[in-house]
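Using the sequences and the hints, build the whole thing.
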Amino acid sequence: MKDVYVADPSLLRGTPKLTIGDYAERNGILVPRRFATLDDALASGKPFIIRSEHTVEYDGPSDLADSYPITQKTIIRAQKYGADAALDPAATDIRTIKSLWKRDAPMARYYAIMQIGEAPSEHVIEQLKIANMEYSYATQSFCELTGYDKETFMRESAFSFWERLPGFNRSIIADSAVKGRYHIFTSKEKGADYEDSPYFVNYSSIDQRGVQLELLDPFTDEMRIDLPNVIAFYEKVRNLPNFDPNHCPIMEFQTVGTEHFFLQYHRTRDFDPTTFKLERELEAEEIKAVLVRGATPPEGVVVRTSAGYPEFYFPREKPRDWKGPSFAICDEDASFDEHDQYMFSEVMSRRRTAQFIGDNAGIIATNILGYHLSRSLMFKPKISVGVGWDQIEKCNEERKHMREEWKRTGIPPRIPIRVISDGTTCYVKRMDV
175 MKDVYVADPS LLRGTPKLTI GDYAERNGIL VPRRFATLDD ALASGKPFII RSEHTVEYDG
235 PSDLADSYPI TQKTIIRAQK YGADAALDPA ATDIRTIKSL WKRDAPMARY YAIMQIGEAP
295 SEHVIEQLKI ANMEYSYATQ SFCELTGYDK ETFMRESAFS FWERLPGFNR SIIADSAVKG
355 RYHIFTSKEK GADYEDSPYF VNYSSIDQRG VQLELLDPFT DEMRIDLPNV IAFYEKVRNL
415 PNFDPNHCPI MEFQTVGTEH FFLQYHRTRD FDPTTFKLER ELEAEEIKAV LVRGATPPEG
475 VVVRTSAGYP EFYFPREKPR DWKGPSFAIC DEDASFDEHD QYMFSEVMSR RRTAQFIGDN
535 AGIIATNILG YHLSRSLMFK PKISVGVGWD QIEKCNEERK HMREEWKRTG IPPRIPIRVI
595 SDGTTCYVKR MDV
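If you count by our numbering, then the sequence shown holds residues 175 to 607, one letter each, in order.
By construction, these hints were calculated from the structure, which means they are not laboratory data. Be aware that a few hints might be false.
Unchecked claim - Pairwise CB distance ranges (calculated):
| # | residue 1 | residue 2 | range |
| --- | --- | --- | --- |
| 1 | Ala406 | Pro447 | 13 to 23 angstroms |
| 2 | Arg277 | Arg454 | 47 to 57 angstroms |
| 3 | Arg383 | Leu414 | 19 to 29 angstroms |
| 4 | Asp323 | Glu300 | 13 to 23 angstroms |
| 5 | Ser273 | Asp606 | 50 to 60 angstroms |
To be verified - With a cut-off of at most 30 angstroms between alpha-carbon atoms, the simulated DSBU-like pairs for lysine-lysine come out as follows:
| # | residue 1 | residue 2 |
| --- | --- | --- |
| 6 | Lys410 | Lys362 |
| 7 | Lys324 | Lys276 |
| 8 | Lys353 | Lys451 |
| 9 | Lys272 | Lys247 |
| 10 | Lys362 | Lys303 |
| 11 | Lys353 | Lys462 |
| 12 | Lys254 | Lys276 |
| 13 | Lys272 | Lys324 |
| 14 | Lys574 | Lys462 |
| 15 | Lys353 | Lys603 |
| 16 | Lys247 | Lys220 |
| 17 | Lys603 | Lys581 |
| 18 | Lys462 | Lys603 |
| 19 | Lys353 | Lys410 |
| 20 | Lys254 | Lys272 |
| 21 | Lys303 | Lys220 |
| 22 | Lys220 | Lys254 |
| 23 | Lys272 | Lys303 |
| 24 | Lys362 | Lys220 |
| 25 | Lys303 | Lys254 |
| 26 | Lys410 | Lys176 |
All C-beta atoms, glycine included, are put in the ideal place defined by N, C-alpha and C.
See the structure below:
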């Protein structure tokens, strides 16, 4: 059975979060209250989120456009910034603010938010769209990388308005290689209940035997007892008729007490089960990954790996008006992502056979809890491997000479690395050319 929204993206109506939230609710799933308009959300007197919407977000990049948690404190803070800049909260077009730098997305957002409740809602929504498009590195980079027309993207973008619930924000993903295994991420920021609540972050890997790996803060007894209900909630949504039950989506939800409220369904990869068990000893110069998601054939795969990108950072013929790295979709099987262009990593993540994500499991889990990109790098490539470039024999030395090699040959440097994974255990080795 195929996903109806992949087969016909128009069924998402340009608002994948809202459309699927409505669909889930019609099928008996708890979903936070949605408001028809910004005015309705304001009139409710409740904290709410202005959630970004675009069709490509369903089966494409994460963190493409910003969403905006709104409380009265948020609006007052934004209006203070506006007052400091002598702006009129009832009628400001952020494109006319001469002091606003074109990549200053945080201030662009504040100058849009300050107008909530003061300017007509249609104007506020337009200003939020402008902040998300014209002042956002992510959306600008996405359009440049993929060739998506910027005006079309802005015209197609939208927002939906959701009540912001207290409790724990969670994401769960079925493992793409090991049946019955799930990855669960749980977080709660200080003040998430609009009071002084503790900060909590947890990553757990769970299968039929129970919790197999738990990092960062431990679950409470109540949360541990509720884990079967969390998995049942995920599987109920995953198996709704409009979705492909063989797919392993990232599903975001909010836990309030013992109730789970659906927030988002975001596609990653189909289930592709492992066919073997990796139990042999390590070979010479082979290292064991601290964690892995995804499986290879028993003989493994050799991936041409980018440990750096001198072709982008050091173009041989730099134009006079060159203003910094300008990345493009490139030819590679895998990457360590040693650069600062996060939308490039987001776009490339689905195209890669392997993704190397570092050798500290705690840092990996913390990053996934805090950043959509880290979540993408963990779950969108065919295989994600907990190894750092400095661990692999010869890679550290080779990186020092990449710029010279690129200048000499004109060929982007790629390092051959063999990855063997059964979905639970993974061995990695630098291969000779």
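request  = Run the structure past the numbered hints and jot down the numbers of the failing ones, going up.
outcome  = Violated hints: none; all satisfied.
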